[in-house]
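Input sequences plus hints: build the corresponding full structure.
Number of protein chains: 2
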Amino acid sequence: MNSAIQYAKENQEKYVNELIEYLRIPSISTLESHKNDMLTCANFVADKLKTAGMTKVKLYKTKGNPLVYGEWMKAKGKPTILIYGHYDVQPVDPIELWDNNPFEPVIKDGKIFARGANDNKGQNFAHIKSVEAFFNTERELPVNVKFIIEGEEEVGSENLSTFLAKNHDLLACDAILISDTSLYAPNIPTLNYGLRGLTYMEVTLTGPNRDLHSGSFGGSVANPINELAKIIAQLQDKNGKVTIPNFYKNVKPITKKEKENFESLKFSDKKYAKELDVKELQGEKGYSTLERLWTRPTLDCNGIFGGFTEKGAKTVLPSKATAKISMRLVPGQDPKEIAKEFTKFVKSITPKSCKVEITELHGGKPVLIDLNNKYLEAASKATSKAFGKKTVYTREGGSIPIVLEFMENLQAPAILMGLGLDSDNIHSPNEHFHLNNFERGIYSSIYFLDLVKDLK
Amino acid sequence: MNSAIQYAKENQEKYVNELIEYLRIPSISTLESHKNDMLTCANFVADKLKTAGMTKVKLYKTKGNPLVYGEWMKAKGKPTILIYGHYDVQPVDPIELWDNNPFEPVIKDGKIFARGANDNKGQNFAHIKSVEAFFNTERELPVNVKFIIEGEEEVGSENLSTFLAKNHDLLACDAILISDTSLYAPNIPTLNYGLRGLTYMEVTLTGPNRDLHSGSFGGSVANPINELAKIIAQLQDKNGKVTIPNFYKNVKPITKKEKENFESLKFSDKKYAKELDVKELQGEKGYSTLERLWTRPTLDCNGIFGGFTEKGAKTVLPSKATAKISMRLVPGQDPKEIAKEFTKFVKSITPKSCKVEITELHGGKPVLIDLNNKYLEAASKATSKAFGKKTVYTREGGSIPIVLEFMENLQAPAILMGLGLDSDNIHSPNEHFHLNNFERGIYSSIYFLDLVKDLK
Chain A
1 MNSAIQYAKE NQEKYVNELI EYLRIPSIST LESHKNDMLT CANFVADKLK TAGMTKVKLY
61 KTKGNPLVYG EWMKAKGKPT ILIYGHYDVQ PVDPIELWDN NPFEPVIKDG KIFARGANDN
121 KGQNFAHIKS VEAFFNTERE LPVNVKFIIE GEEEVGSENL STFLAKNHDL LACDAILISD
181 TSLYAPNIPT LNYGLRGLTY MEVTLTGPNR DLHSGSFGGS VANPINELAK IIAQLQDKNG
241 KVTIPNFYKN VKPITKKEKE NFESLKFSDK KYAKELDVKE LQGEKGYSTL ERLWTRPTLD
301 CNGIFGGFTE KGAKTVLPSK ATAKISMRLV PGQDPKEIAK EFTKFVKSIT PKSCKVEITE
361 LHGGKPVLID LNNKYLEAAS KATSKAFGKK TVYTREGGSI PIVLEFMENL QAPAILMGLG
421 LDSDNIHSPN EHFHLNNFER GIYSSIYFLD LVKDLK
Chain B
1001 MNSAIQYAKE NQEKYVNELI EYLRIPSIST LESHKNDMLT CANFVADKLK TAGMTKVKLY
1061 KTKGNPLVYG EWMKAKGKPT ILIYGHYDVQ PVDPIELWDN NPFEPVIKDG KIFARGANDN
1121 KGQNFAHIKS VEAFFNTERE LPVNVKFIIE GEEEVGSENL STFLAKNHDL LACDAILISD
1181 TSLYAPNIPT LNYGLRGLTY MEVTLTGPNR DLHSGSFGGS VANPINELAK IIAQLQDKNG
1241 KVTIPNFYKN VKPITKKEKE NFESLKFSDK KYAKELDVKE LQGEKGYSTL ERLWTRPTLD
1301 CNGIFGGFTE KGAKTVLPSK ATAKISMRLV PGQDPKEIAK EFTKFVKSIT PKSCKVEITE
1361 LHGGKPVLID LNNKYLEAAS KATSKAFGKK TVYTREGGSI PIVLEFMENL QAPAILMGLG
1421 LDSDNIHSPN EHFHLNNFER GIYSSIYFLD LVKDLK
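Chains as they are written, first to last, in the working numbering: chain A, 1 to 456; chain B, 1001 to 1456.
Please keep in mind that the hints were generated in silico from the structure rather than gathered at the bench. Be careful, since some hints might not be right.
As the list claims (entries may be wrong) - Label-pair restraints from in silico Cβ distances:
(1) B:1104 with A:155: 22 to 28 Å
(2) A:158 with B:1109: 48 to 54 Å
(3) B:1210 with A:158: 55 to 61 Å
(4) A:249 with B:1274: 26 to 32 Å
(5) B:1013 with A:359: 35 to 41 Å
(6) B:1351 with A:94: 28 to 34 Å
All C-beta atoms, glycine included, are put in the ideal place defined by N, C-alpha and C.
Given below as structure tokens:
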């Protein structure tokens, strides 16, 4: 194991050069025009898995982009670790805000700037290089390893979900290792054990059957924008609590231990508010910011539109207004149930003077990983060793829908070993990845594979 | 006079063809991109005034779009009638709801469909053609006539207002004739004696300094869409009353006589609701629909936007949200005062977690015309003759801000001789104008100019 670490250290420059090649492929899954790039990228990953020493490397066709699979199963009696990642990336717009071509990686101040540098190429590549370091020094891995790298995470992982349901045996494992989250802070090794779920709705109110002159008609009929605003206002009370009946029914309070853990992270509201340039933070009363972000459900409008939205004034009383409203969910809440309750409640508070149309756009279940599991313990030791600091446990506000499906289908814990930083601009212009996190990610992976070898 | 009527009748087809040309010019005053079309349209109107027989036809430059002026002042000792109209039109969006290109007029079932057909090109063109009919038959007008046709009515008439303040002599008159309102019902000649005023505001809330991922940040900071919705919801109470302090302070109740007049008009809520396809009407409690429309102030959102407004789902917690909010005002309310009260109140209910920016986009004073004036009497006779029915007196919900300024500056009564119908879709897709109203408008104008000749 030490020789693998040594090897990884000596080959860091070569690894970074290969990462640059990986980042040059514009594998934007949401744009049809990049269809060929997706295949190029899948083949690139497959080649790298082969070079690293994996066997049975194969592209599995799906209705969309191929899944890249590879395994090494010769560690008899040892645990099997499934490593997941994705080779697809987000679109690059607004392109004018990038300082470099997003697919011509640039290294500056120890960071590599490119679309996908953090999310997720840099993070999954660390694990491929960890395996390579083992094979190039010890000719074998301490445990069995399977890789599944998909090309559709940024568009909902639907085809992986279908594949997963049909290929339990192929993907069977003792733990799922995923690096697609963030460090709590620079240089702080971090394991994430909770992700919020999501219910995403769209509400359209229709008042009169056509846009009207607000002078000639104002005061006689309901205005769908005003009425939609009243509906939105009624979805939360003065204390920031969601008012939808049964919304909190199955939400359990966090344990004293978790509360203490959060407090130990010494989150600074002041710094956070300053960074976002707001005078004060806001959210559900009675909870700290970290509690609100990681353990409490929310309701946010993600978009709203209706009437005249150009510059200037138009005196229209519009026919329609639409809001996109999503709720982040926590363990105990079911996305489908919440969608139903939302629909029922919104219908009940819509005035008779308007028609309402409510659509569920998408959803995902929340995830909570049992803190008492030995793979997580090993991950804690591994990352602590790699970073030279005590590993912290965090939860996160966002969702990675496939994580829960892995856990439920494969009956194995997920280890969310994030290597990015929240300030790395993922999904935004100038996405980057700190090369020291790439390096420490490789070490974390090597230590982890070694530490879990006797857990079975 | 009879020969002028005869001439107008015979030339109806030619007049409609000229109106089509007028309607082809996309003179949208609120869009910078149509700047050249405004000038083209002003020149078109000037040409038509010259052809009609007017003298001293001239474009008066303003800071915005030019004013078109023309006069004929050879009826010594006779009254002077100032005819006002506007050549600018509203934007056309949502364009997809139009059955034809809004600037390629189509005639169907006796109606002409185009942006501006009713508001206001069709209506002001009727007066130009009335004058033309006189000159082409009697070589003179029975009274002195001045035309002032502006290009900024839809954006607040600010430059006409400035011009008016400086050009009392040029515009001096005994009565101001305006066709920019509606018939009470098809075939019912109508004179309007009251217009609501307007205060039009734009409110932009800013939460965090950039768009955030709603998963990673949701629950920690104020969402400007949710907060804007709460602000809008607080602007009206459960009874539909506006909650802004001092909003109703100077509003006087209507007289018993007016109330009786309204009741005599036998307005049908049921028919109105059916025509707009709403299950029930809605507005300030305690007032009939006509009272709400004509004599009570309102508050309507004319537009709202923020966050993700495309198809599908994007989990964004936006930085900004904007609403366009206008209030219709009635006699006693001052637009500037109301703008101040609105601003103060919205600021007072904006949470500390957001920044708010409030802009007054435009405003106009309400108008009430004294029913006891001889020009109005003459207009009643003229329209009654043209339509072959008894003329009714109404008020109206919309504003024509310049009307009051004309009255105050020129010390003359305004005659609001509406030719449109409320069902003509002004400011909406498929705006149209009934050609028989265009025709009867020309006759009304001819009769009126003749009937007022001895009023001085």
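Structure versus earlier hints - violations, ascending order: 1, 3, 4 and 5
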